[in-house]
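Heads up: the sequence lines are chains A and B, in that order. 788 is the number of the first residue of the first sequence in the working numbering; add one for each residue after it. 788 is the number of the first residue of the second sequence in the working numbering; add one for each residue after it.
Keep in mind that a hint or two might mislead.
As the list makes no split between identical chains, a pair holds if one copy fits it or if it spans any two.
As the list claims (entries may be wrong) - With a cut-off of at most 30 Å between alpha-carbon atoms, the simulated DSS-like pairs for lysine-lysine come out as follows: (1) Lys932 <-> Lys1158; (2) Lys1158 <-> Lys863; (3) Lys798 <-> Lys833; (4) Lys1208 <-> Lys1172; (5) Lys1158 <-> Lys830; (6) Lys969 <-> Lys806; (7) Lys1053 <-> Lys1158; (8) Lys809 <-> Lys830; (9) Lys932 <-> Lys806; (10) Lys932 <-> Lys1172; (11) Lys834 <-> Lys806; (12) Lys830 <-> Lys806; (13) Lys830 <-> Lys1172.
What the hints contain is simulated information worked out from the structure, not anything from laboratory work. Predicted model only: the values in this text are computed from it and were never measured.
Given next are the chains, with one letter for each unit.
Protein chains: 2
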Amino acid sequence: MNYALTDFWVKNMNGSTGKCRKIEGGAGAPKGFFSAGVHCGIKAEKKLDLALVFSENPARAAAAFTENRIQAAPVKLTRRNLAGGRCQAVIINSGSANACTGDRGERDSSAMSRAAAAALGIDPELIAVCSTGRIGSFLPLERIKSGIDELATIIRQGGNGEAAKAIMTTDSRAKESAVEFKLGETALRLGGMAKGAGMIYPRLRVNGLNQATMLAFITSDAEVETGLLREMLSRSLEQSFNRITVDGDTSTNDTVILLANGSSGKNIGADDPNRPLFQEALDRVTRELATLIVADGEGASKFIEIEVRGARTAEEARAAAAAVANSSLFKTAVYGENPNWGRIMAALGYSGVEVREENINIYLADIPIIKGGLIADSDPDSVRKRLTENRLHFIIDLGQGEAGERYYTCDLTPDYVQINKL
Amino acid sequence: MNYALTDFWVKNMNGSTGKCRKIEGGAGAPKGFFSAGVHCGIKAEKKLDLALVFSENPARAAAAFTENRIQAAPVKLTRRNLAGGRCQAVIINSGSANACTGDRGERDSSAMSRAAAAALGIDPELIAVCSTGRIGSFLPLERIKSGIDELATIIRQGGNGEAAKAIMTTDSRAKESAVEFKLGETALRLGGMAKGAGMIYPRLRVNGLNQATMLAFITSDAEVETGLLREMLSRSLEQSFNRITVDGDTSTNDTVILLANGSSGKNIGADDPNRPLFQEALDRVTRELATLIVADGEGASKFIEIEVRGARTAEEARAAAAAVANSSLFKTAVYGENPNWGRIMAALGYSGVEVREENINIYLADIPIIKGGLIADSDPDSVRKRLTENRLHFIIDLGQGEAGERYYTCDLTPDYVQINKL
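Full structure from sequences and hints, please.
Pasting the structure below:
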C-alpha cells in the first residue's frame, strides 16, 4: 500500500540474493547522467519550465507512448528518433503540450531537437523532445532556444531536482526515485523522475502509437541491449503507469523513456542471472513514481489502491479494478468518507466482467465491507475511522478464479473541478 | 438542441401527414391509466416515496433493463413478470434501491408485488416492481404495504404529477411528457415519466440482463402487439436513454417500461401506415424525458449536446460522442466556460475510433472552434459569450464518412461532488 521506496532484496536466477538500496539523486543518480532545469519563459511566473537530461554517451533507449490517436508533435518526433534504440538527451518543456498545433508544431519540435543537438554537440536524432501543458497553443520558440543554450552550460550530476521541478504542470511536488544494487564490487544505479496530476489514465505501449501528459524518464548506468530494455520496460509499465488513473482521461502526450548508458561498465543480458535484480529495481522505481502521481492527483485528498483478486483472468481483474478506480461516484464517496459500497458493486457490475454478485467479498484493508454480495455488518465506527485515513486499500475478491491486478487512484474532490475549470 | 416537446408533424407510410400535439398529463394522459404517489415513510422527510401506475386492463408490455451484471431484486422480478409481454400495474419506490440485498431483497420485492396485486385485485405476475435510491439497504416493508393500500384507493387520472414526484431521488424536478395524435376521429395518446440525476449512463437492452437508477415509464392507449412494441422501444432507446450520461456510472437498477393498453380501441400493426406516427411520438417522448434527466443532472449548470458527424459507422460516431460526453476534463472546462478544446481532441483520440487529427472540424453551434485539427481562430469574445449560455451544442465532424450520432450530457461542477459525497 505504501509504495515509497525502501531497501529491498531480490532473489536472482542463480539463487543468490541481491540487495537494492534506496538512494537520492533521481534521474541524475546513475553514472554519466547530467541534468538541469531553468525558467525560459513559457510559464508566466518565474517557475521552472524547461529541463534537460543528458547522457555522457548515446544510451540504449526504450520508450512507450500512449494509445491516444491524437498525437502531439514532440511525440511523433521522439518516436521517430528513438526507433533506432539510441538516445543521448531528453529536452522537456512544461506549460504547453504542443499538441493540435499541426505543421508549425512539428517544425517547433524539430527546431527544439536541433537547438539541443547544436548546444550539446551531438546528432539531432539522438534527442528526445517532450512537451506538457495546455493543448492547442504554440511554443515560444526563441525563449526555448535561449533556455536550451543555458541548460547545456549548467547540466550537472546534482541537477536532477531542478529538472524534476521544471517538468511539473499542475503537480504540487516533484516526483523522483532511485535505487542502487551491486554486481560484484560494481554499483549499478537506476533512477527516474515523473510528472502528472490530471488527464491521467495512461494506456502506454512500448513503441506505441502516441503520446502523454504523464511523463516519466528513467535512467540507468547498466548496459542493456535495446530489445531486452524494451521487454523489461513493457513488463514494468503493467504494474506502474498503466495501472493509475486520476480522471480517466488519457492524454495526447504520455511518454515514458528509459535510458541505459552502460557507464557502470556492467552488462545485463537476457539470460543473465541478475536480470531479476534489474527488473525489480525498475519495477520499484516506476511504481513509486506512478503512485506518487496519483497521490498528487489534481485536488486529491486520498490515495486509493484497488486490488482485485479471485478473477478468472488478469485481463478481467484489470477491467474490474479499472472500472472501480474510474467511477466518479465511488471516488466522490471516498472523498466524503461515505461508506456507500453499493457504488463499488455497481462499478463491478458494469465493468464488462461477468461477475457473480453472490461470490463477491470486499474488504477495506482488513475490515469486511461486502460479504457474498451483501453489505457486511462490520462495526460502522471502525469503518468510518478507517475511511478518515489518507491512504485506503480496497481488496475486492470476485470469487471466480486465481487472477489478480491492482489499480491506483485518488478521490474526486471539489478542488479537482476548481483546478480544471480554468 | 431544445428537446422540449412542441407540436410536430409526421409523414406516414401512405404519404399522409399526421399531427402530434403536445398535451399535459404525463404517464396518466392515455386513456385507461390511473396513477398516484404517496409518502409511506422510506424517505425521512415528508417527501413522496411510493408511486403506482395502473392500467384498466392487462396492457401489452415491453421493457428494457441495464446491462449491469449486478441485479437489484426488483429488476429480477420485473424481468420475470414481464417476459410474457403483459403488465397491468407498476409499483415504484424511491429512497432505497433494494440492490445488493440478497434473498431478503428478493422476498421483499415479491412481497411488494403480492401486496399490490391484492390491493388491486389482479394477478401478481401482472405487476412490475421498481426501486431506486441507495444500494445495500433493506426496504421498510410494512410501511410500503400500507402505502400500497393507500395508493390503490386514490389512483386516478390526474394522479400523474404526484407519481412523477414520488419516484424522484436526487432529482430537483419531476419529469413528464405526453403527446396526442389522431387516427381518423380517434385520439391516441402516449405519455411518460422518468427519474434520474446521478449514476446515469444507461446501457439498456430490451429484455436485457439487468437493472437501473434511471427509471422511465411510458404508457399508451394504442393497441400494439408485444413483439412490435419491443421493436419500437428498442429503436427509441437508441436516440434517448441510451444516449445520455451524467457521470459515466451505469446503475444496477435502470429500467424502462412501455405499456400499451389498447383503451383507445385503435391498433398499430407492423405494416400499419401509421406506424411511423407512433414511433415518432414514442421517440419524442423518450427523448424529452432523457434530455430532462441530463438537464437535471446532479449539480449540473449546463445542458450539453455532443453531435458527431462524418464518422465511418454509427458505432464509431457513438463511441466518439460518448468519450467526449464522459470526459471529466471536458465537462469541467464547460462548467468553467473555459475554451480548452484540446480536451475534446484528447477524448476523441482515446475513444477507440481511429480518428485522423487533420480531418477533424468542431463547432460550438455555428462557431468553428477546431479546424483541420487545429484551434480555430474564431473571435474569442464570441466564443466566451456563447459559453455562458446554459444549453451548448457541440458539432464534431470527424471527416471520415457519413454516419452520425448524438449524446446528451451536462457539465461537472463542485455541486456534483457535494451531492455525492453524502
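Checklist entry - Which numbered hints turn out to be false for this structure? => result 3, 7, 8, 9, 10, 11, 12
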